[in-house]
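Asker: For reference, the chains in residue letters:
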Amino acid sequence: DQQVKQNSPSLSVQEGRISILNCDYTNSMFDYFLWYKKYPAEGPTFLISISSIKDKNEDGRFTVFLNKSAKHLSLHIVPSQPGDSAVYFCAAFQTGANNLFFGTGTRLTVIP
Amino acid sequence: DAGVIQSPRHEVTEMGQEVTLRCKPISGHDYLFWYRQTMMRGLELLIYFNNNVPIDDSGMPEDRFSAKMPNASFSTLKIQPSEPRDSAVYFCASSLGDRGREGEAFFGQGTRLTVV
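Chain order of the listed sequences is S and R. First residue of the first sequence: 142, per my numbering; consecutive thereafter. First residue of the second sequence: 519, per my numbering; consecutive thereafter.
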């Protein structure tokens, strides 16, 4: 059973506009949430994370929002750039267990 | 460090054959993960090790799959016998666990397995 879900397999946005990628999870024991970015023929790379005690974390153009009551998080990219085109994976992590569960990914295409 | 190294990058094999995927984690990392990427399920966690000991193998789909970590610098994922539905990209990742940023794992480039 998928503990981390990304319901949008793809997203297209114009360069300069905001990209919003969504993620839902089911396990309330997760205490860290992460976004990974993956280019073709490469492994995923860490992008940004958020602790469950926070509701927002910002790093440059990337901001992750967490709504614990809804078990939902989102990644905002502003402004979007063509180089942001990649597959974005949402992941969840439980301290102590040290496992790392991923969603199915969302393919973002930023149109120049 | 060269990062997580996986071999081979591509593997094509016939149904019924044994397949062995290899991984060299980043030196000093305590955790090693094996993932399988498919369109339907995204990145599935198959198994992970802590200090060479398997901690959770509940993601291994069938008894045909097995993984070992004989030492801190090497791990294998074996499929015997292989089936066409095993075709996927298999990733190995390593992390510092609690000594690093929570949840940050470093991935290899993956092995694309095709079983015909």
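These are calculated hints, taken from the structure and not from any lab test. Among the clues, some could well be false.
[Stated by the list, open to error] Computed cross-link-like contacts, DSS-like style, restricted to lysine-lysine with a CA-CA straight-line distance of at most 30 Å:
no.	chain 1	residue 1	chain 2	residue 2
1	S	K178	S	K212
2	S	K197	S	K146
3	S	K212	R	K586
4	S	K178	R	K596
5	R	K542	S	K212
6	R	K596	S	K197
[Claimed, not checked] Output of the computed footprint for chain R on chain S, the stretches with three or more beta carbons under 8 Å from beta carbons of chain R:
no.	stretch
7	158–170
8	207–220
Ideal placement from N, C-alpha and C gives every residue a C-beta, glycine not left out.
Asker: Quick one, are S/K178 and R/K596 close enough, alpha carbons at most 30 Å?
Answerer: 27 Å, holds
Asker: Between R/K596 and S/K197, is the straight-line Cα distance small enough, at 30 Å or below?
Answerer: At roughly 41 Å apart (the allowed maximum being 30 Å), S/K197 and R/K596 break the hint.
Asker: Next pair to validate is S/K212 with R/K586; report whether the Cα-Cα distance is within 30 Å.
Answerer: Violated. S/K212 to R/K586 sits at ~35 Å, over the 30 Å cutoff.
Asker: Between the alpha carbons of S/K178 and S/K212, is the straight-line distance 30 Å or under?
Answerer: 21 Å, holds
Asker: Can the restraint linking S/K197 and S/K146 be considered satisfied, given a maximum Cα separation of 30 Å?
Answerer: Roughly 20 Å separates the two Cα atoms, so the pair holds.
Asker: Would you check the hint for R/K542 and S/K212, treating anything up to 30 Å between C-alpha atoms as holding?
Answerer: 35 Å, violated
Asker: How does the stretch 158–170 of chain S fare against chain R when you require at least three residues with a CB closer than 8 Å, holds or violated?
Answerer: Answer violated; 0 residues pass the 8 Å Cβ test.
Asker: For the stretch 207–220 of chain S, do at least 3 residues have a Cβ located nearer than 8 Å to some Cβ of chain R?
Answerer: violated (count 0)
In this structure, the earlier hints numbered 3, 5, 6, 7, 8 are contradicted, and the remaining ones agree with it.
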